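Undergrad: One-letter residues, chain by chain:
Protein chains: 4
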Amino acid sequence: MAVSEYRFTRRVQFYETDVAGIVHFSWFFRYMEEAEHALWREAGLSIHPPDSDIGWPRIASSFEFYRPLRFEDVFDVHLRVAEMTKKTIRYECTLSKNDEKIASGSMTIACVRKKPQGAKLQGIEIPREITDRITA
Amino acid sequence: MAVSEYRFTRRVQFYETDVAGIVHFSWFFRYMEEAEHALWREAGLSIHPPDSDIGWPRIASSFEFYRPLRFEDVFDVHLRVAEMTKKTIRYECTLSKNDEKIASGSMTIACVRKKPQGAKLQGIEIPREITDRITA
Amino acid sequence: MAVSEYRFTRRVQFYETDVAGIVHFSWFFRYMEEAEHALWREAGLSIHPPDSDIGWPRIASSFEFYRPLRFEDVFDVHLRVAEMTKKTIRYECTLSKNDEKIASGSMTIACVRKKPQGAKLQGIEIPREITDRITA
Amino acid sequence: MAVSEYRFTRRVQFYETDVAGIVHFSWFFRYMEEAEHALWREAGLSIHPPDSDIGWPRIASSFEFYRPLRFEDVFDVHLRVAEMTKKTIRYECTLSKNDEKIASGSMTIACVRKKPQGAKLQGIEIPREITDRITA
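Protein chains in written order, with my numbering: chain A, 1 to 136; chain B, 1 to 136; chain C, 1 to 136; chain D, 1 to 136.
These are calculated hints, taken from the structure and not from any lab test. Keep in mind that this is a model prediction, so the values were computed, not measured. By construction, the Cβ of each residue, glycine as well, lies at the ideal position given by its N, Cα and C atoms. Do not rely on the hints blindly, as some may be mistaken.
Stated by the list, open to error - Pairwise CB distance ranges (calculated): (1) A:Q122 with B:F8: 56 to 62 Å; (2) A:D99 with C:P49: 23 to 29 Å; (3) C:S4 with B:F8: 28 to 34 Å.
Unchecked claim - 20 Å max Cα-Cα, derived DMTMM-like pairs, lysine to aspartate or glutamate: (4) C:K114 with B:E64; (5) A:K115 with D:E34; (6) B:K86 with B:E34; (7) C:K115 with D:D53; (8) C:K115 with D:E34; (9) A:K101 with A:E34; (10) D:K114 with D:D53; (11) D:K115 with C:E72; (12) D:K115 with C:E5; (13) B:K101 with B:E64; (14) A:K101 with A:E72; (15) D:K97 with D:E42; (16) B:K115 with A:E100.
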């Protein structure tokens, strides 16, 4: 069965907060990516296997922030595969705490053939062994 | 004269890269924020003065990524104030390297009165001493 | 019963790796601190309660690194309270993976009364409600 | 002329602070590493050239913290090569602000031949083109 969503619960770490007393907004993008990689593991895959010649650069990402998270808060991350094209995957993500919506985000990644340093990354079709296991 | 844009040049640090060999996408949001705070300093302000009772949480942020940045790359960050409403500021940001576009982003922040922990942040009008110095 | 040690298992996240393909060394200090805060929670305490007037700045920290950690590695963190003086706590920490030693570290923290910004932090005696619950 | 020390001035960024209102201690290790890589550039070298088959893992690092750094503080980093053996380099580092000592640290790195993932890193002699340019 292909995987199309993933949920996990996480606690805010001290080093994720800033002097305003809340989680720095850059961390929400990392929380979303943590969920993505866990979804791939759930599907029996790694997004970065040691010897792979393909990669998955992020081509777009966004978040809207509704409420702050604070040190030691426990919150839920829900990621779902919103759309798959031949060469890209788009995720949507919701963060919540005690059923209160904290933030919602989105991230689009592209499948590329790894190139020597400096060359522009070029999109390729997502391999069958991945589309068999991850689905919108 | 009110400030409406800011440019600076920066070098990629080792700890900003990841195992894919490029800058982790979460860093672009930090680069944009570095430019924001430098723009405020250019305007004679700090976005987080020690004793202020107002704060500036981010309410939305996004990036599109065109090309990767790598260790020790030198790149330019250009931030401009795209829009100011009574209670919010929206910035647009472009990253480039040797005149090649690397990424473009946007960030909206809201002016809020600081509240006891746990309370929902509430928007207030941007104080006059700030609108005198920062402008779209 | 006072708590004197804490163990947990953790997975390496993508954003913790660097272009050398391994976890950046600065993360080991964060892993050690994650264990510290979990130990305090285990003892029924928070190291940073919302309204507390005391704080716990780090006054020294060190690590020796034996083997690298890589993306998605699962590893163990073992923290123990090695020494408590009237005003300080010293922890020792070992990271291992499949019973292979990865790194060993140490961290000393001091109990201080929070001061207005800019003032030098001044050490105070560790309160009884903490020494009742955390012990070497 | 071989390079044996490096100084630079830097400003605390917002994302480097934590809820205690000061720079998180893990950042001091990154500041020290920033100085190291700048010292190598000053010597006409890169610590991580694209096609090199050698690497420089950190084998030990420590810091003592005397005073906190806060958002927008401007501080000085002074790194010097304290000792070079056949296979290792040890740096000592001092952070100061307005001639007040903030912290002092140390870091030892080893020269290794890059290995396939999972293999233990093995020390090799530091190449002549490096010992010609960096010295204790």
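Undergrad: Kindly indicate which numbered hints from before are broken by the structure, ordering the numbers from low to high.
TA: 1, 3, 4, 5, 6, 7, 8, 12 and 15
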